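Asks: Taken in sequence, the protein lines are chains Z and S. With the working numbering as the guide, the letters of the first sequence map in order to residues 10 to 539. With the working numbering as the guide, the letters of the second sequence map in order to residues 67 to 752.
Hints are computed from structural coordinates only; laboratory data are not their basis. From a predicted model like this one, the values you see are computed outputs, not experimental measurements. Just so you know, even glycine gets a beta-carbon here, dropped at the ideal spot from N, CA and C. Treat the hints with care, as some may be off.
Examples of chain S residues lying across from chain Z (beta carbon under 8 Å, computed) [what the hints assert, rightly or not]:
| # | residue |
| --- | --- |
| 1 | M349 |
| 2 | G353 |
| 3 | N652 |
| 4 | G718 |
| 5 | I721 |
| 6 | Q722 |
| 7 | L729 |
| 8 | Y732 |
| 9 | G733 |
| 10 | M736 |
| 11 | A737 |
| 12 | I743 |
| 13 | V748 |
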Amino acid sequence: MSVMADKLAGVWPEITLGLGACVCMALGLAKASSTRKLTSWVAGLFLLLSGVLAIAGPQPTSGLILPPQMVLYVKLAVVAVGVVLLLVAAQLPSSWRATHRAEEGIEPFDPANVMRGEFFAFFLFSLAGVMLTTTANDLVWLFLSLELVSLPTYVMVATSQDRIRAQESAVKYFFLGALAVAVFLYGFTLIYGATGFTDLSRVQSAAATTTSPLLTLGIVLAIVGISFKIAAVPMHFYTADVYQGAATPVTAFLAFVPKTAGFVAIIILLSMLPQWPTHGPIMWLLWIMAALTMTVGNVMGLLQTSVKRTLAYSSIAHSGYLLVGLLAGPALLTSGGGGSGAIGNGIAAVLFYLVAYALSTIGAFAVLGCVQVDGHEADSFDDISGLSTKHPGLAAVMLVCVLSLVGLPPLLGFIGKIYLFGSAMAHRGENPAFVWLVVVAVLNSAVSAVYYLRIIGACYFGKPSGRTEPQHCPSRRIAALVCGIAVVVMGVAGNRLVTLARESSQLAQPSQQTPAKVVSDELPTDIHGG
Amino acid sequence: MSLQLAKLIPWLPALSAVVCGICCIKRPLRKLAAPVCVLSILAGFVITLGIQSHVTGHHEGGAVGQTVTLFEWVHAGSFHVDMAYYLDPLTIVMLFVVTGIGTLVALYASGYMAGDRGYARFFAYVSIFIFAMTTLVLADNLVLLYLGWEGVGLCSYLLIGFYYQKPSAVAAAKKAFIVNRIGDLGFALGIFLTFHHFGQVTYTDIFNAAALYHAHGVEVPWTVQLIPYLLMLGAFGKSAQIPLYVWLPDAMEGPTPVSALIHAATMVTAGVYMIARLTPLFMLSPGALELVAIVGCVTALFAGTIALCQYDIKRIYAYSTISQLGYMFLGVGVLCTSGAVFHLFTHAFFKALLFLTAGSVMHALAGQLDLRKMSGLRRKMPVTCWLMFAGCLALAGFPFTAGFYSKDEILAAVMEKGLTEHSALYITLAVLGLFTAFLTAFYTFRLWFRVFMGPEKYEMGEEHHSDEDSHTTQDAAHGSTSGGIEVAHHHEPHEMPLFPMNLPLVVLAAGALLAGVLGHRWMAHMIGSSSAAVVSQVAEHGEAATETTHHLTLLPGVDLHTSMMIISSVIAVLGIVLAAYYHWLNRPAADRLASQFKGLVTLLANKYYIDEINDAVIVKPLNLLGQVFFAVDQLIVMGLVQFVGFVPRALGLSIQPTQQGKLQGYGLGMAAGAAIIALLVVMAMH
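Using the sequences provided together with the hints, build the complete structure.
Replies: Printed below as a string of structure tokens:
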């Protein structure tokens with residue numbers, strides 16, 4: 010029982026979200042349409058409540074693989090970005106014809122028509138999945154939480170638009186997702202086979218004593234399978250189709266939520282190893298994945314005519330950048346606190362960049378979602394052509410968000426990229442190949458500027474098409490504005506977030522438990538010195 | 067009044083610039099721009115008055131300035147630059163000039179610019195200019211000085227090109243900017259070298275380091291000796307000296323108040339100020355000050371001769387400005403800093419006055435500036451006539467006017483240096499300076515007699531002094547409303563209204579006539595206790611020299627100074643009399659004289675063909691070089707760039723077939739990818 014109680018102690022925010030999801034489902038079926046419309050507010054309320062519980066509620070005491078600060082950081086990031094995503098998505102159900110007609114009283118109420126409750130319930134479930142991933146200490150738990158992230162998103166994609174394309178992409182997403190799950194589940198079984206445990210801390214200690222090729226293969230396959238969640242090569246194929254097919258708010262959701270869960274899961278898996286992989290097959294796997302992912306993402310981004318597809322490839326490319334930071338790994342202990350600071354810590358960089366990328370890309374998607382062309386959401390470059398003349402505010406948000414994605418100073422994306430690539434450079438002493446990866450990454454950033462600037466070019470220098478009409482979605486505009494402001498302000502004054510990210514990842518030493526008594530003595534100086 | 071108030075001097079105009087900027091956008095607020103601007107500058111003047119006793123009162127003879135720090139600006143390693151203001155008497159004098167003349171000119175401009183479409187924009191620019199100029203003179207380090215330096219350059223560019231619809235104005239603005247770039251490049255290199263050698267860019271640190279060189283008699287490394295030459299280049303650019311003077315005459319395309327404020331009274335004197343401020347640094351290199359003196363004197367003579375044969379009123383004054391700046395450089399070159407700054411001070415009064423009265427004439431004649439097309443305007447514009455007369459007297463160096471005292475102080479110092487050191491060079495410079503004084507008197511009064519004396523006759527200019535479309539607003543300068551495009555009142559020259567246009571001119575005229583008598587002792591005291599006076603303490607023959615000067619003389623019975631005064635008075639009067647004969651009483655004689663020296667006159671009228679020579683020697687080859695580079699760029703670089711751009715696209719096209727939208731294909735890709743990776747890993751582990 011005490012084990013159970015201990016496990017429960019860490020997951021109050023998740024439980025809150027689960028409860029919230031149930032309430033949303035019930036509320037979504039309420040008879041009065043005015044009550045049903047409260048669903049998004051209730052979802053937001055539960056989201057905030059879970060954030061409060063994450064900070065002030067009982068903290069998990071033991072049985073965590075990740076350091077508690079990192080768990081907290083990710084949970085809070087999920088809450089914060091989740092609120093923004095909720096703002097983007099709040100008016101989405103009203104755009105579904107059946108739901109809309111039912112709510113306006115044109116058609117009689119029928120539970121099959123109204124999907125407001127389901128949408129926000131799935132929304133919360135998926136976020137709860139990300140949070141659960143962070144607290145995972147068992148392979149089964151990890152698997153289930155990852156699936157909890159993904160399964161709701163399949164439905165969200167399918168129901169997000171009244172268009173056949175949404176369903177088509179949902180089917181693709183689901184089948185390919187299932188395939189990826191098979192791959193990483195296979196990896197999990199190999200890990201279990203190699204060590205005999207599903208409990209991650211025991212796997213960790215087993216890995217420290219014996220080196221088994223089976224374990225390595227298991228982790229490799231698990232990483233390859235999870236790379237579906239982060240949209241990395243070779244599991245990236247679905248990205249463009251699904252991002253384009255889903256309604257823009259859901260696309261924004263996909264760009265942040267599964268990606269975060271995927272990276273957290275990979276960090277957990279890598280900390281199974283006795284030390285961070287700076288050599289050997291796993292290092293090369295990540296190296297090649299990073300290089301291929303960003304290159305494929307960027308060169309394919311060049312060829313697109315749809316802004317949403319472009320941003321989908323940009324999402325792939327950014328996963329590549331994030332893998333660079335992941336590969337660099339936690340802070341060097343040898344270099345001491347002072348100089349290396351946040352820049353030597355790849356994990357901190359990844360945590361920071363996940364938020365930076367999320368805000369930039371959600372801002373861009375929110376702007377797209379605010380524009381309607383011929384009754385459907387803006388998608389192609391022509392659709393946003395000349396946006397600045399009619400909607401200067403939206404165009405300005407698009408401008409700063411896209412420039413942040415390019416990584417232009419002084420915006421948020423620039424700071425993030427500095428930390429990502431800087432951490433790889435700081436670790437070049439361990440493996441000179443990191444330098445070449447940074448070279449590839451920087452070249453890729455340059456290439457990416459081409460298609461990002463095309464978006465800006467379309468907004469500012471394109472001829473207004475005249476077919477665009479603004480969508481009535483005030484909260485989405487607010488979300489766009491929030492992202493735009495955050496990208497600028499946090500770029501200039503984002504120190505706090507950097508510090509948070511750094512502190513949260515200080516203890517992410519994979520070898521913290523076994524041989525590193527000396528190391529853990531040094532850690533406090535590292536925390537304060539950096 | 068607390069010294070801390072000095073911080074406000076630059077920032078009030080900066081605030082005013084913002085307010086004027088808002089006035090630009092909000093049409094109804096336009097009229098507010100002028101009062102805001104004038105008041106902000108006036109506040110600076112009042113503050114300067116208040117704090118001057120703090121700066122000059124404390125120490126007798128000691129040359130210690132006081133520093134007021136606003137905030138830390140750049141602290142990187144050993145490199146410290148603060149936003150700090152250095153206040154010593156030299157600063158105070160410059161502040162008086164900038165804020166005092168600035169207030170008067172801005173007040174005049176509030177009438178002059180009335181009805182112009184860019185009314186608020188003009189005052190926004192002027193406010194930025196005052197901000198930059200006061201920053202320049204208040205700076206306590208070279209970097210801040212450079213900031214102000216570039217700031218005034220920018221404002222000069224913006225204001226020369228104020229009438230941006232006029233191609234000639236745009237060309238002139240570009241010319242000014244580019245020529246100044248050449249000088250500023252030298253200036254920047256000088257600052258870099260200073261930092262490289264002294265490790266600091268703060269004045270006090272530099273002076274201390276320079277004093278060490280003097281005290282220990284250590285040999286100064288040649289790179290340190292190079293610093294003054296580089297800084298000098300910046301000064302020559304900003305203050306329009308040979309060879310970088312060519313931009314100033316063209317700069318007269320700007321509105322006339324701008325010519326008065328920026329291109330006569332304040333900005334162009336920044337070079338003189340900089341050399342005066344950095345005298346200890348310049349003394350490290352023996353040839354540097356000598357070169358400054360030579361360039362100054364040659365420029366004075368050169369520009370003076372050109373002014374003789376010009377017909378455009380503003381251009382004559384522009385060349386005269388260059389010439390007078392030459393005197394100032396001559397002054398700092400012979401270490402007569404107080405004379406140079408004094409001349410700067412008086413020149414600011416009378417040249418601002420001359421430009422503004424020229425502006426009044428131009429205003430009255432609808433843009434007419436050609437001397438040949440106006441005559442005998444004294445009855446039409448009596449006040450302007452006599453105001454300009456006062457300015458002309460001062461410029462000509464007529465006895466007991468302001469220009470007389472200051473110019474004389476410089477020339478006497480040059481002559482004194484020549485006689486004490488038995489240097490033929492300095493005696494020559496002094497003689498050339500006297501000759502230039504004669505030319506100055508002649509061309510100044512040539513202009514005045516032509517415009518105001520003789521038979522009354524005039525031709526109106528083609529352009530109206532303000533944009534046509536603005537005439538729907540009331541033209542304050544005329545006090546009459548005009549309805550249509552056809553504006554009747556332009557057919558008759560008229561006097562300017564007392565306020566706000568003629569009143570500031572009266573103040574300036576009083577300054578032009580009296581500043582010399584009242585100011586020369588004050589100035590000697592001020593400059594004597596500023597950093598520029600480190601000079602006199604360091605100069606070894608300080609005491610001895612003053613002893614011997616009393617024995618030097620040019621005329622029997624009087625000492626050197628008095629004799630120089632007498633000589634230059636005679637020369638000034640001679641110039642005026644000759645001008646009166648040829649350009650008032652007997653104008654045909656002037657034409658006969660001109661036809662006798664036809665070649666010389668053509669040469670001077672075409673300004674020695676310097677612009678044409680520059681064009682052929684510098685501009686054309688550079689243009690050609692540019693075209694060559696352009697061709698290389700097009701053929702080679704462009705191809706490379708396009709190739710670089712093509713590679714990622716080609717890569718994308720090559721993998722595009724993997725994205726065909728088919729589920730099976732994607733599944734195959736993923737499975738194959740996972741399989742290949744698994745295979746590779748297994749192979750790697752064996």
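Asks: Does each hint hold? Answer for all of them.
Replies: Comparing the hints with the structure gives:
For M349/S, the interface hint is violated, since its Cβ never comes within 8 Å of a Cβ in chain Z; the closest pair sits about 44 Å apart. Because the beta carbon of G353/S sits about 45 Å from the nearest beta carbon in chain Z, more than 8 Å, this interface hint is broken. Because the closest C-beta pair between N652/S and chain Z is about 67 Å apart, greater than 8 Å, the hint is violated. Taking 8 Å as the C-beta contact cut-off toward chain Z, the hint placing G718/S at the interface holds, the least distance being around 4 Å.
Against a cut-off of 8 Å between C-beta atoms, the interface hint on I721/S holds, since the closest Cβ of chain Z lies about 6 Å away. Restraint check, Q722/S versus chain Z: the minimum CB separation of about 6 Å is within 8 Å; hint holds. Annotation: interface hint on L729/S holds; nearest CB of chain Z at approximately 5 Å, less than 8 Å. A least Cβ separation of about 4 Å between Y732/S and chain Z falls short of the 8 Å threshold, and the interface hint therefore holds.
For G733/S, the suggested interface contact is upheld, since its CB lies about 6 Å from the closest CB of chain Z, less than 8 Å. Satisfaction of the interface hint for M736/S is found here, the shortest Cβ-Cβ separation to chain Z being roughly 5 Å, below the 8 Å cut-off. Interface restraint check for A737/S: the shortest CB-CB distance to chain Z comes to about 7 Å, inside 8 Å, so the restraint holds. Taking 8 Å as the C-beta cut-off, the interface hint given for I743/S holds, the closest approach to chain Z being about 5 Å.
Proximity of V748/S to chain Z holds as hinted, the smallest CB-CB distance being about 7 Å (cut-off 8 Å).
Taken one by one, the earlier hints fail for this structure at numbers 1, 2 and 3, listed in ascending order.
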